[in-house]
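**Q** Single-letter residue listing:
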Amino acid sequence: MADCAELPDDLIAHIANHVKVIEDFIAFRAVCTSWQIAATKDNFDVFSTQVPLLMLGAKDDDFQEFYSLSKKKVSHIFLPEARGRECFPLGEWLFTMEDNTGELNLLHPFSRTQIQLPSLEDLMASKGLREKLFLSCVEKVALSANPSITSDYVLMINYHAGSNHLAFWRPRDLHWTYINKEIPDAAMSINYYKGHFYYVTCEGELWSFEVAGPNTPKPIVEPGLLYWPEDGIFGHCSVQFYIVELSDALLFVMRYANYTDDPEAGHKTFKFKVLELDVIKGELKEEVKTLGDSAIFVGLNSGACSVDSSKFTGIKPNHIYFTDDWFQKLYFMEDVGGKDTGVYNLENGKIESIYPELSLSRIYQPTWVMPSLIM
Amino acid sequence: MVKLKSNDDKEFEVEEAAVIQSEMIKNMIEDGCATSVIPLPNIDSKTLIKVIEYLNKHINMGKAAETGEEDDLKEFDEQFVNMGWEELFDVIMAANYLNIHELMELCCQSAADRLKNKSVRAVREMLKITNDLTEEEEQEIINDAPWAFEGPEIDDTVN
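Chains A and B, in that order, give the protein sequences. Sequential numbering from 1 applies to the first sequence in the UniProt record's numbering. Sequential numbering from 1 applies to the second sequence in the UniProt record's numbering.
The hints are simulated quantities; they were obtained by calculation from the structure and are not laboratory data. It is possible that part of the hints are untrue.
Partial chain B-side listing against chain A, Cβ under 7 angstroms, derived [to be verified]:
no. : residue
1   : Leu106
2   : Gln109
3   : Pro152
4   : Asp156
All of these numbers come straight from a predicted model, not from anything done at the bench. Ideal Cβ placement from N, Cα and C applies to all residues, glycine included.
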């Protein structure tokens, strides 16, 4: 009979290869020396999907708090680079903005790697603006690929300076490149899918455009209006739109909330509607009634992703996990921000709390951040 | 038919179509080295019976898709890996030695699935592994991803 201790290292490594969840991989390494040696980072599939962590509200110290839905616990991570900055989640990365200096960076919260971007001033200059820096002018940012994996990616930014603007940056670019096309409304969601950026406005208009990778002199294909909603549902004052990639299709997710002026109440989500998007024809297809085993995550900066719930502990199938993103600038509303966070059951429309044990003050402006393995 | 002999001197006859799923034996047959009995000094009869059961079931795997037997095969695989840890490791070692890719994948996946959400303590106990990491080394591993480690939802049961 084979004792586990007799298992040769290459076979332990082979088993480690099949461990796809970071939490399990770390536990695997902590079992004993031979397992630690066998389970190297090369044995982990960096493309395997992970469950996003809930990054809890910023406090004025050098730590960030992350809540794991699988482990149901909060971890404090030393991250002085994010202190006092606005953070927009971009998968594994954060886009950070220092409001006073206009310094912009991509920050990897777990490795603390930073990628310096041309400043906010440079962004304004790309449009020929010389105004003093605009506080909190960035609406949305999007990446075409994960900078941890490739240096061939495009960072898209939607910002507000008098009117609505778009610009992009690629590795090795010295400046932001302005996209000379007026899109009347700010983005509710910008996503990259199969070579195109998709841009949804608050009116429900869907635009698409291409940006070529680095080293291409004429990079932009004119943005084109792909879809224009005809019915009245988009006129609703408290609707959010997200685009989510699921099983090789694009979903158009609508989130409805009740809103009262009472600052104690704010927005309260009561319903989600999911439609499939046909990007070739530029139309919305019929309503998607079930997500099957999948769960969807939406929130600040769209941050939208989907996972197969059967592969993870503590994630419910056919549910939509959402965070409060009604106002990105919550500095004046500390008591309210974060309240409208929960999980929606697409089958029966019920909403539950994600983290009953956490107090509200700790979840102010929570966002989804993808974990990654750092070793 | 091909004859295989386990390390406890038991002989088994297996159809060639089944046994060539093992790259090792396939090569032996192609090289003309499989004229009489093939001795397998690393595999005991109990494990070999399991491996042959798998090979026989998967004999026409390519055709399963056409004949709609995929579900049947999936069910068989699920049942097949329903064995104790020691037995599973025996089959993994045999599959590795015989170079049967699909069987190797199936068993390693099963091992990985059994470790899902398990506490480190439970894994050590289940597999009778003595921890030889120092406290510092263990802490270093945990520090790679402190958010990922244990927590109240961890499965601490040993089965």
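**Q** Are any of the numbered hints broken by this structure? If so, which, sorted upward?
**A** The structure conflicts with hints 1, 4, although it agrees with all the remaining ones.
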